[in-house]
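Student: Below, each chain spelled out in residue letters.
Protein chains: 2
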Amino acid sequence: MTKPHAKDLSHLLSLESKSRQNSPLKSAFKYYFDPKVTFLGGGLPLSDYFPFDNLTAEIPSPAAFSSGKGINTTASAEKLSLQIFKDKTKNEPNQIELSRSLQYGHSEGQPELLTFVKDHTDLVHKVPYVDWDIIASVGNTESWESTLRTFVTRGDSILVEDFSFSSALETAHAQGINTIPISMDDYGIIPSALSTLLDNWVGPKPKLLYTICTGQNPTGSSLSFERRQEIYKLASKHDFIIVEDEPYYFLQMEAYTTDKSQRTSTIVHNHEEFLKALVPSFLSIDTEGRVIRLDSFSKVLAPGLRFGWIVGQKELLERIVRLHEVSIQAPSGVTQSLVNGLLQKWGQKGYLDWLIGLRLEYTHKRDVAIDAVSKYLPSEVVNFSPPVAGMFFTVNIDPTKHPKFKTEFAEDALKVEDAVYEQGIKQGCLMIPGSWFKSEGQSNPPQHELEHASLVAAHNPHVFFRGTYAAVPLDALVVGIEKFGEAIKIEFEL
Amino acid sequence: MTKPHAKDLSHLLSLESKSRQNSPLKSAFKYYFDPKVTFLGGGLPLSDYFPFDNLTAEIPSPAAFSSGKGINTTASAEKLSLQIFKDKTKNEPNQIELSRSLQYGHSEGQPELLTFVKDHTDLVHKVPYVDWDIIASVGNTESWESTLRTFVTRGDSILVEDFSFSSALETAHAQGINTIPISMDDYGIIPSALSTLLDNWVGPKPKLLYTICTGQNPTGSSLSFERRQEIYKLASKHDFIIVEDEPYYFLQMEAYTTDKSQRTSTIVHNHEEFLKALVPSFLSIDTEGRVIRLDSFSKVLAPGLRFGWIVGQKELLERIVRLHEVSIQAPSGVTQSLVNGLLQKWGQKGYLDWLIGLRLEYTHKRDVAIDAVSKYLPSEVVNFSPPVAGMFFTVNIDPTKHPKFKTEFAEDALKVEDAVYEQGIKQGCLMIPGSWFKSEGQSNPPQHELEHASLVAAHNPHVFFRGTYAAVPLDALVVGIEKFGEAIKIEFEL
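Order-wise, the sequence lines are chains G and P.
Mapping of the first sequence onto the numbering used here: residues 1 to 494, in sequence order.
Mapping of the second sequence onto the numbering used here: residues 1 to 494, in sequence order.
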C-alpha cells in the first residue's frame, strides 16, 4: 500500500506565521560550500577560537541496563567512555565534531542526531504518510510555545483537557488565546463530549487540540487507542490540528496489580514486546498530516539537556524552523554532540534497552506508590485509579464527607481541597491540589447550554490531589504518602 | 555618591507581558527544600537516571593567551583539564554539578555562572543604579525576540537603525511591529535625526530603540560615547527603552593606521588599559534603568554554546524570566556546567586576558582586510571607513559611475548593486548587498515631510557591500577581496 501525502493545512497558520518572510541572506548561503567562491557573507567566528578542544563523558554501557536489569548508572564496571573532538578527522563515524556543533547553523538540528531520532520515531510510530519530518527544539515547553505562535492569533480558541499542565495553559492565556476545557474521565478526554461541543459550535472553530495523552499531567490518565481514533476522526471532520505533548510516552508501565507474584511475570522481555505494549500514538494514525507531536529527552535522559523535537508534516514544520531561526536558533551544540555521541554508542537497540529499563523502574515506583496509597489513605473518603503511564498518581477525595462541608465551608469543595492541602504540609507531605490545573475558557455556545451527560459531569465539584513517584526515593515516597493519609484522617475526623 | 534606583517603567510592557500570570505551582515550590516536608509536588526525574556521570574538557590555559600573545587554542602544552561530576561532593568549589545542571530549575540561569557574569558586567560597565540584575538566555537572537514580546504589542512602533540585522528586523515584522528607520552615517545613528523625528511625533510614541551600537551589523560603524549620551537623553525625554544588542562589544580594536610600524605599539598592555579603551556602553550611563543590554558568549567563546544574558532593571527582567519559564525554560545545563567550569578555572583576570587576546586577533584580521581593500578595490568608485569594532567592513560604491546607470539601469542604484553582487560571485567572491539590510517602516509624520538634512540624506541612493574578516583564514580573505576588486573593475569598465 502506498502511503498518502499530507493535506495542505496552511490555512490554519497564525497571522504571525503567515507573514514571516524568509531572510534574503539565506539565498546567499547556498554559496557557503562552493569551493570557487570566497564567502565573505557571514559573521561566523573561526572555530580556532572555540575554547573546547575535546569533550569526554562517562556513560553507561548498554550491558548495564539490558535484559530486565532496570537502570543503574553508578556501577563503575559497566561504563563506556565517549570522546568528541573539535577536529572532525579525530572523531569516530557519525559523531558531531565540536567545530560544527559549536558554530552557527543547523537550526533544524544536527543531521546525525536528527537521523537517529527520525529512525527511532519511525520504528515506534510507523508514521502512515509520506512527507513527515522532525525538527529539533529546546524541549516541549518551547515546542508548545512555538507551535502556538505558529498556529494561533490573539482571540483564537483552542481545545484543552479539562485539567491540564498549568504552565502550558498560561502560555496560551498570555497570548490572548481562549482555552476551551474538554470533559475527561479516568481515561482522559471523552470523545462524545468533544463531538457534542464541536457539532454545536457557532463561529470560527478552534484551531487545535492540545493533549498530554499518555500519563496526563495532572490526572495521570492515558487515552486509549479507541479514543485516539475517535478524536482523530473529529479533528478531520472539524479541521483542527492535534498537538500531542508526549514527554511521558516511554514511561508507560504494566497494569497495576495487587497480586505481587504477578508483577515480575508481566514485564516485557524484548524489543518487539516492548513496542507492542506501547499505546499507539496520534502520530501513528495520522494519514492527513494534522498531528504535531512534541517529544523530548527530558524525562528519559535528562531535562537539563534542553533537547526536544517536533514531528509533523514538512510544510508546517518549515514555518516553525523559520520561527526558531529568529528565536532559539538551535539547541546547544554541546548537548547535541554529547547526546548524539551517547545514542550512536548505544545504537537503536541499546536505546530501546534503556527505555525498557526505565519502564521497569517506573513500574516499580508506581507499584510502591499505589501500594502505599491503598494502605495509608482512608478508603471511606478516597478513591483512585492506578496510572499506567507517566510520573503522576492522583487521589480523589469526596468533599461532601468533610465535617465542615455543609457548615463552615458552605458546600464549597475548594475549601475542602485547601484544608487538606494545608493539613498535608502541616503533617509533612505536599501534594498539588487538582484545582490548580483547572482549564478556564468559554466555548460557543457555553457548555452548560448543551444537554450532554459528560459536559455536565465535568462541572460537578471534584477534589483531587496530584502526587508523583518520580522525584523522591522509594522510602521517602512511602513515608510521604503515609503522612498525607494522616492529614486526610485528621481533616475528615477518621 | 549613592546610586539611584530604577524608574518604574512597567507602563511600557506589552499586553502579553502584562497579562502573564505567575504559576500557582511556584508557591508550592518553596517547600521543595523544606526538610520537614516530603515534596510530591513536581514531576522531576531522579538524577540517578541521568546517563552522564562526569564530563571532562580540554581547555586553553590562561598561559596560552596572556600578555599579548593572541589566541592559540591548539598548542597542546598549554592546556588545562576541566572535570565536572554529577555528584556535588566530587567537584571543585564553584562548579555546577551535573545532578543540578541536568535537572529542571534555575530559569534565570545557574547561580555560579550568573555571579561570574554579573561581576564581569560590573567590572566593565560600572552600572550606575542599584537595582539592576542579569538573567540567562540562549543567545541574543532569543533575547531580542523575548524582549520584543515583553515590550511590544502588534501595531506598536519601534526605532531601528536605517540599516540593521535583517533577521532582527524580520522578528519584529512577523510580530506586526512597525520598524522606523533612523538615519545613520559612518558613526552610527545621527542623534539630531532621531530628535527631529520624535519632537514632531504624532500619536503613541515608539516603545523602544533597537541598536547594535558597537561594530554594527551590517555597517561596521560604532556609536561614539557622545552620541550615546545624546541618545540616552532622548530616551529619557521621550520615554522609550534602549535595547543595546552587543555581541561584538569585545571585538573592539585599535584605530586603523596605514603606518605598519605604529600597529604593534598601539596594543593594550594590561587590564586597565583594555577596559579604558572600550567605548562606554549605554548601560554604563543608565541611571534610570531604561537600558536592556543583550550580551552573549557567541562571538567571544562559541555560538553553539547558545548562552547569552540580558542586563537591565530587576522589575523588567522578572517579566522576561516569566516568559522564559514557558518557552526556553533555561539554557542547556551541559553548556552551563562547562562554561562555568571554564570561567572559574580562568577567573575574572584570565577571562579579560582572553578578551585582550581576541582584540589582538581581530585587530590583525581587520588590518589585513583593510590593507587589501585599499590595494585591490578601485578608488575611482569605491570609498570606505575602516571599522573599529566587530566582524564586518563595508565598501561604498558610487552607482552613478556605472556605465549603464543612466541608460539600461534607468538611474536605479539597486540595479548597480545587483550587477556587482552577481559579478562578484562570477569572479569568485561573495559580499552581501547593503540593501538587504534596509529597514522599512513608517514614522508619523513620514520622514520626507520633515525638513532635516540628515533625514533627507538617508533617502539618497546608496550602494554598499558588507564583508567579513572573521570567518575566513587571512590568505583566503586577501584573495577574496582581490576578486571582488576585479568584479567592480569589470562592471565599471576600469
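Since the hints were derived computationally from the structure, they do not count as laboratory data.
Each hint should be verified, as a subset may be incorrect.
The list treats identical chains as interchangeable, and a pair is accepted whether it falls inside one copy or across any two copies.
Said to hold, decoys possible - Here are the simulated lysine-lysine pairs, BS3-like style, with alpha carbons at most 30 Å apart: (1) Lys401 to Lys79; (2) Lys69 to Lys260; (3) Lys237 to Lys260; (4) Lys18 to Lys205; (5) Lys489 to Lys349; (6) Lys90 to Lys276; (7) Lys404 to Lys36; (8) Lys345 to Lys438; (9) Lys79 to Lys90.
All values derive from a computational prediction rather than experimental measurement.
Student: When the structure is checked against the list of hints, which entries are broken? Sort them ascending.
Tutor: Of the numbered hints, 1, 3, 5, 6 and 8 do not hold.
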